[in-house]
Amino acid sequence: MLLRRHNLGNNMSKTYEKYYVPAQSPWPIVGAVALFLIAFGAGNYVNEVTRQQPGFGGYMLAAGFVVLIFMLFGWFKNVIDESMSGLYSAQMDRSFRQGMSWFIVSEVMFFMAFFGALFYGRVIALDWLSGGSNNAMTFEILWPSFEAMWPLVKTPGGIETQAMPATGLPLINTAILVISSVTLHFAHTGLEQNKRGQLKIMLLVTLLLGATFLGLQVYEYIHAYRDLGLTLASGFYGNTFFLLTGFHGMHVTLGAIILLFVFFRVLKGHFTPEKHFAFQAAAWYWHFVDVVWLCLYVFVYVI
Amino acid sequence: MSAVVTDHEHEHHDHKPAGIKRWLYTTNHKDIGTMYLVFALIMFFIGGAMAMVIRAELFQPGMQFVEPNFFNQMTTVHGLIMVFGAVMPAFTGLANWMIPMMIGAPDMALPRMNNWSFWILPFAFLILLMSLFMPGGGPSFGWTFYAPLSTTYSGDSTALFVFSVHIMGISSIMGAINVIVTIFNLRAPGMTWMKMPLFVWTWLITAFLLIMVMPVLAGVVTMVLTDKYFGTSFFDAAGGGDPVLFQHIFWFFGHPEVYIMILPAFGIVSSIVPTFARKPLFGYASMVYATSSIALLSFLVWAHHMFTTGMPVAGALFFMYCTMLIAVPTGVKVFNWVATMWRGAMTFEVPMMFALAFIVLFTIGGFSGLMLAITPADFQYHDTYFVVAHFHYVLVTGAVFSIIAAAYYWLPKWTGHMYDEKLGQWHFWCSLISVNMLFFPMHFVGLAGMPRRIPDYALQFADFNAFISIGGFLFGASQLIFVWVLVKCARGGKKATAQVWEGAEGLEWEVPSPAPYHTFETPPVIK
Chain U
211 MLLRRHNLGN
221 NMSKTYEKYY
231 VPAQSPWPIV
241 GAVALFLIAF
251 GAGNYVNEVT
261 RQQPGFGGYM
271 LAAGFVVLIF
281 MLFGWFKNVI
291 DESMSGLYSA
301 QMDRSFRQGM
311 SWFIVSEVMF
321 FMAFFGALFY
331 GRVIALDWLS
341 GGSNNAMTFE
351 ILWPSFEAMW
361 PLVKTPGGIE
371 TQAMPATGLP
381 LINTAILVIS
391 SVTLHFAHTG
401 LEQNKRGQLK
411 IMLLVTLLLG
421 ATFLGLQVYE
431 YIHAYRDLGL
441 TLASGFYGNT
451 FFLLTGFHGM
461 HVTLGAIILL
471 FVFFRVLKGH
481 FTPEKHFAFQ
491 AAAWYWHFVD
501 VVWLCLYVFV
511 YVI
Chain L
7 MSAVVTDHEH
17 EHHDHKPAGI
27 KRWLYTTNHK
37 DIGTMYLVFA
47 LIMFFIGGAM
57 AMVIRAELFQ
67 PGMQFVEPNF
77 FNQMTTVHGL
87 IMVFGAVMPA
97 FTGLANWMIP
107 MMIGAPDMAL
117 PRMNNWSFWI
127 LPFAFLILLM
137 SLFMPGGGPS
147 FGWTFYAPLS
157 TTYSGDSTAL
167 FVFSVHIMGI
177 SSIMGAINVI
187 VTIFNLRAPG
197 MTWMKMPLFV
207 WTWLITAFLL
217 IMVMPVLAGV
227 VTMVLTDKYF
237 GTSFFDAAGG
247 GDPVLFQHIF
257 WFFGHPEVYI
267 MILPAFGIVS
277 SIVPTFARKP
287 LFGYASMVYA
297 TSSIALLSFL
307 VWAHHMFTTG
317 MPVAGALFFM
327 YCTMLIAVPT
337 GVKVFNWVAT
347 MWRGAMTFEV
357 PMMFALAFIV
367 LFTIGGFSGL
377 MLAITPADFQ
387 YHDTYFVVAH
397 FHYVLVTGAV
407 FSIIAAAYYW
417 LPKWTGHMYD
427 EKLGQWHFWC
437 SLISVNMLFF
447 PMHFVGLAGM
457 PRRIPDYALQ
467 FADFNAFISI
477 GGFLFGASQL
487 IFVWVLVKCA
497 RGGKKATAQV
507 WEGAEGLEWE
517 VPSPAPYHTF
527 ETPPVIK
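Going down the list, the protein sequences come from chains U and L. Using our numbering, read the first sequence as starting at 211 and increasing by one per residue. Using our numbering, read the second sequence as starting at 7 and increasing by one per residue.
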């Protein structure tokens with residue numbers, strides 16, 4: 211199981227504390243409005259951008275994010291206040307932990323869709339396009355000059371690009387992310403042993419490493435577009451490269467934002483060695499993002 | 007099983023907030039369950055109206071009422087609405103209402119998130135329905151949105167479709183997380199795994215499937231989006247991709263998805279049959295194992311939707327045999343329901359009638375599924391009305407009938423009043439006859455080669471189609487009786503007792519009818 215048991219008191223079986231069911235909350239409906247604005251805005255914006263027409267989509271999308279951030283602040287403020295005033299029982303804590311674990315499972319499956327596409331493309335689609343299996347005629351009729359290769363630097367349709375090397379910047383980035391997972395672990399042990407100094411420093415180092423990673427990713431994208439001619443539109447290799455690294459980058463960004471808020475809470479003196487679900491959830495998320503990167507590094511860059 | 011329902015001196019006990027804010031801001035699982043159910047009913051009628059358009063067009067050969075493009079939009083949006091807007095929210099509504107009461111929990115585990123999951127849905131479907139009014143119309147590529155229909159050949163509304171599916175997925179995932187955590191963490195002491203009602207078991211497994219596959223759907227719509235708008239070629243062979251890749255990813259989501267729409271139905275039928283047969287469920291443990299096996303097998307059968315894409319023979323054989331294997335646990339279930347009724351003291355109230363119809367008609371859908379699973383035979387059946395007949399037998403007389411059965415079964419618990427039994431029987435018999443007029447002849451026109459999703463057809467299918475359309479209109483009209491029953495029951499009627507049904511067992515039948523606003527603030531003890 212993903213969860214780590216903590217000594218949150220031993221009132222599991224005998225006495226039951228009342229399970230805290232919050233009273234009415236305005237935040238869910240605000241969040242639903244935010245998602246509506248984001249989805250409807252994005253749906254229009256995508257058309258406007260690709261057609262280069264003016265429209266309201268972009269504004270609506272931006273408004274959606276503003277409302278979403280407003281909602282998150284309000285919702286989390288409520289949750290933190292409730293937590294700080296001791297309304298949350300050990301059972302409640304388990305609900306949060308299990309909820310977060312299943313959320314991470316769903317995220318794993320999201321990445322699986324893209325990894326699955328990558329494997330299918332490399333192992334099956336490219337082989338078949340070059341006449342593999344029972345597709346000799348497909349090959350002859352469609353693109354007789356096509357050669358299956360990976361990275362796919364020349365598509366059947368003739369788009370050429372260059373591959374991103376595995377060494378150099380990506381390797382440095384891998385090291386950065388792995389180290390950030392280690393520093394976060396030390397921040398966690400600091401919290402558990404009530405060494406607040408270690409907690410603060412290690413958390414800050416983790417954040418800085420995360421920011422460095424993201425900065426280098428941006429640099430790598432610029433390098434890919436400018437120097438290698440590797441773009442989102444340069445065939446299956448570019449597609450999987452940018453979609454996988456891009457969604458990973460978005461997850462790192464989200465993880466870093468979560469850690470930043472955890473850091474602010476640490477500075478305010480929140481969290482105890484026994485009770486620190488928010489910290490734990492952020493750490494799980496960060497480690498998850500790290501593991502995704504390791505898979506990504508192996509399958510996108512190395513192999 | 008008996009429960010001690012200790013009453014509580016909670017200050018908010020049974021204090022319902024008033025007005026619209028009650029529904030907008032609620033964290034109460036019963037309120038949220040009601041909203042899900044009402045939403046699903048509205049969507050059922052909107053999606054049903056689209057089906058009426060389809061059947062009106064197909065009443066006679068030739069083009070009658072609508073343009074082919076609009077016909078395609080109707081088939082597409084009918085499918086999307088019925089799957090994501092009617093059946094899934096209805097099951098989630100039932101889960102919200104019943105699971106906390108069945109396991110002795112105070113509410114769902116994450117009540118605020120629960121409300122968020124619900125309120126996303128009306129907005130998601132608002133976007134989908136608004137897209138129908140865009141220039142060029144709404145999505146018209148079938149609910150399965152195969153590439154390149156949804157990429158190269160689709161209209162401007164595709165982006166709206168993609169993002170509405172994204173937020174529907176967010177809603178489903180949050181709902182599923184809530185269900186799983188509630189069942190794992192909020193069971194009353196003594197409610198051990200193998201004491202849980204089967205509805206709870208089947209929903210636990212459904213929620214697991216949702217968490218595993220809804221993100222894959224999000225992934226595949228994202229690839230459709232980038233292929234259409236941002237120049238990627240995931241599903242374009244010229245760029246090294248493959249349109250068949252779309253089908254693989256989609257059906258990796260899609261096949262577990264069809265079990266998401268039927269496993270809770272199994273749970274419902276497993277609750278209703280023992281009540282009206284006045285016997286405990288036959289083979290409880292085998293039901294749990296059968297449900298789990300079906301869920302696991304559902305990840306290994308997706309390519310049976312794609313036999314005609316030209317996959318290697320070894321692949322086709324693997325998917326054929328795995329698919330046929332699913333008949334084994336499903337057969338176990340049908341056997342168990344029948345064995346439960348064996349020598350039972352049966353009565354035939356409306357929930358039982360729908361449950362019995364479910365058992366017979368769902369099994370017909372299961373058998374036509376077995377026929378479709380046979381690869382060489384599927385080459386004949388693929389994309390014909392035989393497929394339409396198959397999945398409407400499992401989804402309408404399967405999933406929808408079970409939802410209706412559940413509504414009749416638990417309605418007295420929700421409203422505190424008995425529904426009108428006579429009207430309910432009318433609803434049942436009208437539905438039963440018309441639904442078979444509607445879908446049974448589709449088997450024959452399908453076997454004779456009538457393709458699905460086409461607004462016109464060859465003349466030899468004319469008589470059958472006229473008959474099918476009449477069945478369709480009658481089935482649609484029959485559902486108005488259902489609304490009548492629901493409204494009548496919500497407004498009043500004979501007082502329901504706590505147990506409601508003589509043979510009913512379980513925690514939900516030990517709280518008063520209507521169930522108090524807050525049940526089990528302190529967990530009951532289950533012996």
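Quick caveat, the hints were computed from the structure, so don't treat them as lab data. Glycine residues also receive a C-beta, built at the ideal position from the N, C-alpha and C atoms. Treat the hints loosely; a few may be bogus.
[Said to hold, decoys possible] Which chain L residues face chain U? A few, computed with CB under 7 Å, are given here:
1) Trp-125
2) Leu-166
3) Asn-191
4) Pro-249
5) Trp-420
6) Gly-422
7) Val-493
8) Ala-496
Quiz item: Does L/Leu-166 pass the interface hint, meaning its C-beta sits closer than 7 Å to a C-beta of chain U?
Solution: Given a least distance of 4 Å, the restraint on L/Leu-166 holds.
Practice problem: Double-check L/Trp-125 for me: the hint is only fine if its C-beta lies closer than 7 Å to a C-beta in chain U. | Solution: holds, 4 Å
Self-check item: L/Ala-496 as an interface hint toward chain U, with CB separation required under 7 Å
Solution: violated, 23 Å
Quiz prompt | Residue hint L/Gly-422, partner chain U, criterion CB-CB below 7 Å | solution = Given a least distance of 22 Å, the restraint on L/Gly-422 is violated.
Self-check item: Interface hint status, L/Pro-249 versus chain U (Cβ within 7 Å)
Solution: violated, 10 Å
Quiz item: Taking 7 Å as the limit, does the beta-carbon of L/Trp-420 come near enough to a beta-carbon in chain U?
Solution: violated, 19 Å
Quiz item: Is the shortest C-beta separation between L/Val-493 and chain U less than 7 Å?
Solution: violated, 26 Å
Self-check item: Hint check, L/Asn-191 versus chain U [nearest Cβ-Cβ separation less than 7 Å]
Solution: With a closest approach of 5 Å, the L/Asn-191 hint holds.
When each numbered hint is compared with the structure, violations occur for hints 4, 5, 6, 7 and 8.
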